[in-house]
Amino acid sequence: MIPTHYFLILSAILFTIGVVGVLTRKNGITIFMCIELMVNAVNLTFLAYARQFHDLHGLMFVFFIMAIAAAEAAVGLAIFISLFHHRDTIDVDEANLMHW
Amino acid sequence: MPLLSTFLWLPIAGAILLAFFPRTATGAIKGFGLVVSLITFVISLGLLRGWQDGHADFQFVESIPWIPQWGITYGLGVDGITLWLVLLTTFLTPLIFLSGWNAIHKHPKEYIISFLVMETAMIGAFLATDLILFYIFFELMLLPMYLVIGVWGGANRIYAAIKFFLFTIAGSLLMLLGIIYLGFQSYHQTGLPSFTITDLYGTQLAPTAQTLLFLAFTLAFAIKVPLFPLHTWLPDAHVEAPTGGSIILAGVMLKMGTYGFLRFVLPFFPDATAQYANVLIALSVIGIIYGALVAWVQPDMKKLVAYSSVSHLGFCVLGIFALNQTAIEGSILQMVNHGLSTGALFMLVGVIYERRHTRLLADYGGIARTMPVFAVFFVIAMLSSVGLPGLNGFIGEFLILSGSFQTHPVAATIAASGVILAAIYLLWLVQKVFFGPLENEENKNIPEIAWNEVAALVPIVILMVWIGVHPNTFLKKMEPSVKYLMTRIGNADARTPMLAKQDDCCALPAAAHDAKTAALATPASASHSTPTALPASAAGEVKQ
Amino acid sequence: MLNNLWLIPITPFVGFLLNGLFGKRAGKGFVTAVAILFSLGAALLGTAAVIEYNGHYHHGERHLNLVYQWFNSGGIGADIAFQLDPLSIVMLMVVTWVGFLIHVYSIGYMLHEEGYWRYFAYLNLFLSAMLILILGSSYLFMFVGWEGVGLCSYLLIGFYYQTDYAPAAGKKAFIVNRIGDFGMLVAMFLMFGFLGSVDFAKVSQVAAAGNISPTVLTAICLLLFLGACGKSAQIPLYVWLPDAMAGPTPVSALIHAATMVTAGVYMIARSNVLYRLAPDAMMVVAIVGGLTALFAATIGLRQFDIKKVLAYSTVSQLGFMFIAVGVGAFSAGVFHLVTHAFFKACLFLGSGSVIHAMSGEQDIRNMGGLKSKIPHTFRTFAIATYAIAGLPLAAGFFSKDEILVSAWSTPYFPAVGKFVWLLGTLAAFCTAFYMYRLVYLTFYGKFRGTHEQEHHLHESPATMTGPLWILAILSIFGGLLSLPHAFWHGWSLSKWLHPIIPEVIGTHSEIHLELSTELMIAAVSTIIAILGWLAARSLYKDKQLASDNAFAQRSPALAKAIENKWYVDELYAATIVRPLEGLSRFLWKGVDALIDGIAMILGYVVRGFGEILRFFQTGNVRNYALMFFIGVVVFIAFFV
Amino acid sequence: MVEFAIFFLFAAIAVIFALVVVLHRNPVVGALSLVASFFALAVMYVLLEAPFLAALQVIVYAGAIMVLFLFVIMLLNLQHVAEPTTRPIQQFLGYTSGAAFGIGLIYFLLKYAVFSAGPEGPFRADARAIGIRMFEAYVFPFEMVSILLLAAIVGALTLSGRGAGVRSAFDSRGTEVSK
Amino acid sequence: MNLQPLLEPGYLNAILPELILSGGGMLLILFGVFAPRAKGALAPLALLLFIATAWTEILFIRAGHFFGGTYEISPITMIFDVTFLLAGMLATLFARDYLDREGIEGGEFYALLMWGTVGMMMMAKGLDLLIIVLGLEILSVCIFVLVGYHRRIAVSNEASLKYFLMGAFATGFILYGIALFYGATQSTNIAALARWFAMNDVTPLLTVGFVLMMAGFGFKLALAPFHPWAPDVYQGAPTPVAGWLSVAPKAATLIALIRLFDAMSPVLPKVSWMNMVAVLAILSMVVGNAVAIVQRDLKRMLAYSGIAHVGYMMIAMLTVRDDSVAAVAVYTITYALMNIGAFGVVSLLIKNQNDPHTLDDIAGLGFRRKFYGFALAICMFSLSGLPPTAGFISKFYIFKTAIESGHTTVALIGILASIISVYYYLRVVYYLYMKEPAEGYAIGTGGGVFALGALIIAVVGILAIGIYPTPLFQAAGNAAKILLQQ
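Protein chains in written order, with this note's numbering: chain A, 1 to 100; chain B, 1001 to 1544; chain C, 2001 to 2640; chain D, 3001 to 3179; chain E, 4001 to 4486.
It should be emphasised that the hints constitute simulated quantities derived from the structure, not laboratory data. Misleading hints may appear alongside valid ones.
Said to hold, decoys possible - Covered stretches of chain E, as calculated for chain A (at least 3 residues, CB under 8 Å):
id: 1; segment: 4014-4028
id: 2; segment: 4152-4159
id: 3; segment: 4163-4170
id: 4; segment: 4177-4186
id: 5; segment: 4341-4347
id: 6; segment: 4359-4373
What the hints assert, rightly or not - No more than 30 Å apart at the CA atoms, straight line, and that leaves these computed lysine-lysine pairs for BS3-like:
id: 7; chain 1: D; residue 1: K3111; chain 2: E; residue 2: K4435
id: 8; chain 1: C; residue 1: K2308; chain 2: B; residue 2: K1432
id: 9; chain 1: B; residue 1: K1444; chain 2: C; residue 2: K2589
id: 10; chain 1: C; residue 1: K2543; chain 2: C; residue 2: K2446
id: 11; chain 1: C; residue 1: K2308; chain 2: C; residue 2: K2541
id: 12; chain 1: C; residue 1: K2371; chain 2: B; residue 2: K1432
id: 13; chain 1: C; residue 1: K2371; chain 2: C; residue 2: K2541
id: 14; chain 1: C; residue 1: K2541; chain 2: B; residue 2: K1432
id: 15; chain 1: B; residue 1: K1106; chain 2: E; residue 2: K4435
id: 16; chain 1: C; residue 1: K2541; chain 2: B; residue 2: K1444
Every value quoted in this text rests on a predicted model; they were computed, and no experiment measured them. All C-beta atoms in this analysis are idealised placements derived from N, C-alpha and C, irrespective of residue type, glycine included.
Let the hints inform the model, and build the full structure from the sequences given.
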């Protein structure tokens, strides 16, 4: 029986890694992957708590988060595609028509 | 049909109708505006008909719940303090349209509409018996004025308009915070929410709170007046504004500040007022001298008159914070006087600006030859502004000065020297413009003042003379309210130790043959306050 | 009539309105008619009132005619009320009748001026204001007339408004008077404060009743005197009067010699109770009067503009009057006021007639030998000069004499009294000297003007000479109005005026004069006057201008100083006017700019703040994410 | 004991591959290692007695979403695009603030999230239990998800669908689109 | 979460408006696909649907709890729903002309608008964080697409990219925050949370969770420092969308926050959470106004001003009382009217959508197109809080509640900030009426009856609320009371 906080800490680490990825990478898709990583970390937390409390609610939450992730993925990738169409790259640093 | 609401909303109704006029029909537009404002004036005269003398409190009261859960009511009323100011407003507006008949070429429709809206706002601010209602009107009059200066103004109009707006709004928004806090306090104490002025009078405030609120309100009104050192927006606004704008600004809008002091600051925060009266008196005296001196060296007529406004309104504030019957009655009268004389001066400056498109003194000289009638009007207005006995200005200034002398001899004495300065800069103006050899070619064939301008000026002159010759018409109506105000601020005995002293000597047997004089020269209410060391010191100060 | 005293000032006012509104179109005939009729009307009404007054009152009581309450607020206010008492009667007669005469004179003098209507309108307005001044029953109401005459003097001095100097002079007059008015105002404030009223009688009573601190009374008196200085051209405020000669000559005669400028004397005589209770103030008045008398006279010694000479002589004579009221001889002051009104008006009108003859020339260096050319003018002028010089048995002799005697034997401040007497006597000498200098340079010797001037020389019309003669006669016999008690016990002006100088405890209602001293002083001043005359005669009758030039060569600095009126105007300009203007400019360019600057800076601060913040808006979404995340971290750090 | 071994093994895998995702320049590699990381997470789910969710994790994430990613990468053939590191400040702040965040988080978790008593008894989160709950209590959220997905599909179509791919398109006014 | 028998009677009824909108969306898409000629009919149809929804919302919906206490309908939710629908309607009206002009008219647009509205309505009613998050996601997805809807325009695409990345990022934080909450309280149901907070004390971990959640919601609200996406997105997005975007999602998030804060109210006095909110409010007011001053692009300026306005609303949120809730509700409605109105006028400017809409574009508009100018001026006055507009009375309400809850200092800062704001709002009026357009640079304006109608609605609404707000106040007040009672 593995204590719950093991999982919590693991998810914290993953979440942080995801955040760092978002902050440090420029490739839009990579960034988005890092976001997915964050979301998964959240899933892990939920599940850990769910098991700890014997409460299916947390588990359900995970389920719905997955749906959310899927939806975001669909739209997000579409956005990237049209970004690429506009400027042959998905380097988000290039997207700076608007500033100040 | 309630009287106040009628002539309060009439102008704005007219404005709305006017919006549907075809913009080309300028004649019809101007005429309509003039007619509306005239009707407004005529209706507002109903105040005098229905007026009950000797009543201190509000008359013609209207009160409808508006935002009940906050105790905000649509409450209107007139008392001795506002009566003449309201009439002044309704009186001046048609004259502006009349005098500016041919002055406005750009967007006349919008011009008239702005003025009508402004009229409603100003009347409303005077009539409102509810603090919020007052505030709403107080702010509402900024918008049309901003447009009037900004759209129809002179070269540097944008700067002036924004300056005007920001100065004013900065003060009034802080006041809004104060208003909210005040209402909150009174709600706490009375348990029922209300922003009705008379309800708020009872509010007890902790000293610090009272001071802060006093500052908030005072700042707002001091900017509006404007009081030194917050006056710098005024010259710019005046110089850039079109003639009508200047007239309204000087004639009525500045009075909002002084009126605010009377209606709100004094009764709401009597302790703080008593505490800081000296500061304000000092500022107003500085303003009197300052404005006069600066006016003296202005190369631009309008700027000169603008600074003279600073000086004149300094008198009003001085009178208000002298906190006694005479001075306050004086300053109320002086508000009206200033409205008339300075309004007339701006009107006249506008007249000549229309013809020569310059306001620089240097460009004029000797035009009394080409436009004598104009010169006559100008000199009359100038004299009334200088405070020549027999014209309105004198009464106001005399009451203010003599009244405040009883409480603040030194200040009053310094302020009195402003009378000299007023003569200096105004005579300077007249001499530069009208007298001397007529050299400038362009001045040799300026068309004489036109019928509509004369028609606009004559009523003003008549009123000047009337106030100067029989001021009691006006003073008697405001007396009860001012007395009541005095009692409010715990200064019921408007007469100070110095005046009180006279009771002892008035006990002397007055000679039979001038009993009449004795009767009226002795003050109405007998006072029992004993003379303090003040007289001697005062005399000393006067002597040095 | 007594209960309609207001009719007296109103009458000329109506004249003013008529001429002012319609005069321009209606033409000169109409104007003349109106002006004359209404001024005469005022005079007649006034006389009627006086007669009626004599019928009712026999002890010089005060008759009050309350029209209505002007204003009253918190115990401060006054009535529109007119009063009639011996003093105002004297003034009334002088003002209305002399005024009338000058109106008549003006017809001739101004006939060819454009703005004829304007002139007479102003003149009528002045008359009405002056009447309010002398009939008003309280300081405040008197102040209305006080300012009114000031206004008229402003308008009339600036009558030739197309010149540079005339309007400037008018302005100067008004402003200098304002300084005096400032004193008046503050004085009235004090009265309200301590005496509870500004009604003449009431003020006197309250003051007389004592228990008013003398400091206050002194203050009031001094402030009133400041007002008087302004109006009656005393040191230090006399500077406007010489410039006021820019106006038409009849105006100088009426306003700046006979009536308006004497208002100060009238006012102090009115307030004699207050003054007597404040001897310090009286002393100041006396000394100032004395100094003014002498100072102005010295300037008069070396002026070349005929009107300027008369102007300084006026200032100096006013100084005499102030000596009188200062030393407590109020009736003497008024007496001199009256006589002075006669001869000075005569002199001015005479000078006017001269100028008229010389077709506008005013510089006596271009005159001379007019004696035969304009005989009437010469005779009247000479008579008036005789009077003003204080030579025996003429009007000036009696009045000036009484003043000097009172100065000598004043009970209030004997020592100072002597000093003042000395000043007065010296002034009297100068007076005789410069007046006769004027006469000799103008009328004797040979003509020094240009040819066409000589060609144009002509005696003035009857409308002008008539008044001249009347006034000349008056200035001879005017002295009979108030002969010294020593010789005469019948009606006299001082007796007549006695009621207005009531008994007040601790003061002297009038000055007791020893017969011996009186004779002594009279003798001295007569000798002095004669000496002055002889001096002038020897210097100018034959030598004419030569002696002036000689003097200029002997002591050029002094000569120049006197010609330039001891540089007083320059002094004022340097010490007061220019610094004040500099200050004003500084306030405008400096302080206002500073205030605006502060406001501006506030604005710029906000703006700059925005300019800085906007650069966080890099447009790079990763930066945004970073901001977001750092925000989170910081908040956690702070709030956990 | 075996459990712990498995846990740590797969935890290590998850973390390492996550790091690869963050650090490796090539998106393809990133995508694949993310898949690996998700597999590891699936194992975690099993350890947390949620086999069904583990299955979902594999099917939905590894199976669907990541394939989609790879597909897009290939479509835009970015597999050779290696991004140069720029913006040092951004990088630095990213790492430091991330580190701070992670450390803080772990600290708090260790401090406050350590449950004295582990969960007692088995946690029945199999398909059946989930199914029942899903269509009883969670029917409304479930329906919301349907809208969500519908919107997503429509959105994806709208953004990338017909008409898309117009390079340097002209806007309605016919002026060149500034890039 | 206790078991509930499936689909109790009346449940469908409860979600009728949402159903109408969702179905309507699909209908519109089909319409767009099968009747490509009749694009002109799309907007009217959408309008019709919105109105129908509002109608049902007002007539057929009864307050109550549904779906096992995860879904609450109460007067306040109705008020907010109406606000959403109003926003949707105005956006539709402005979009009609805009899309037509840009040649991108399509059913999806309106469909997404509607689904977004559905998401918001669910957020407003959701009594469980799960529902709220799902609603938020529906909303977000729709916004991603709507922002990028103008495909041919580079800025539009860029905007949607930025919004998407930030949005997904923020969602991650919200979810993690919820997870931590769940870990601490064993529930995500608001009511349960309330109960828990009533009994237990908070641990720092919970505070971390709160911060994360606040960050996420702060992102949606564009509160500084989570705001920087807003200006770019507003500038890039199709203008009608920008207007809608600047109002509706914020409203939805606010109501969710109100529920959350209300649940937390027992512990709030003990913890420093509200200080964080206060800091957010102050930062937003200061940053928003300060940067707005230096903007020349109208849309960016309005974005910053929007940041500031949310700051004002947060002042009221500092203490959740019936008054403050009502104040927020009123302010939201006002804000919807004036901000969408302002954006609407901007959307009428005919110009290359890639270029910024600078102040120069509206130079002299006030006299060229009188009503547009007037409307924009009114919106500006209202935004700057001058009487007699709604902006004044709402701001008054906000500050009133703030002072009554003792947040005088924050209120003071708010006042000072709004003094600054007056400057740039007036500058717009200055360009409208006092500045002549540069030579040959008079921007044309489109807009037919639809836009006109929208502007009239906005102007009339602003003035009406400003002049006689009593009914609205009463409604909001009562609604707030009911909300806070349970």
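Okay, the hints, checked on the actual structure:
1. 4014-4028: violated (count 0)
2. 4152-4159: It holds, with 5 qualifying residues against the three required.
3. 4163-4170: n = 4 at 8 Å, threshold three: holds.
4. 4177-4186: Answer holds; 6 residues pass the 8 Å Cβ test.
5. 4341-4347: violated (count 0)
6. 4359-4373: violated (count 0)
7. D:K3111 to E:K4435: Judged against 30 Å, a Cα distance of about 64 Å means the pair is violated.
8. C:K2308 to B:K1432: 26 Å, holds
9. B:K1444 to C:K2589: 33 Å, violated
10. C:K2543 to C:K2446: Answer holds: C:K2543 to C:K2446 is near 11 Å, not above 30 Å.
11. C:K2308 to C:K2541: This hinted pair holds, its Cα atoms lying about 20 Å apart.
12. C:K2371 to B:K1432: 43 Å, violated
13. C:K2371 to C:K2541: Distance of about 12 Å is within 30 Å: holds.
14. C:K2541 to B:K1432: 45 Å, violated
15. B:K1106 to E:K4435: 13 Å, holds
16. C:K2541 to B:K1444: Violated, at roughly 50 Å.
Hints 1, 5, 6, 7, 9, 12, 14, 16 from the list above are not met by this structure, while the remaining hints are.
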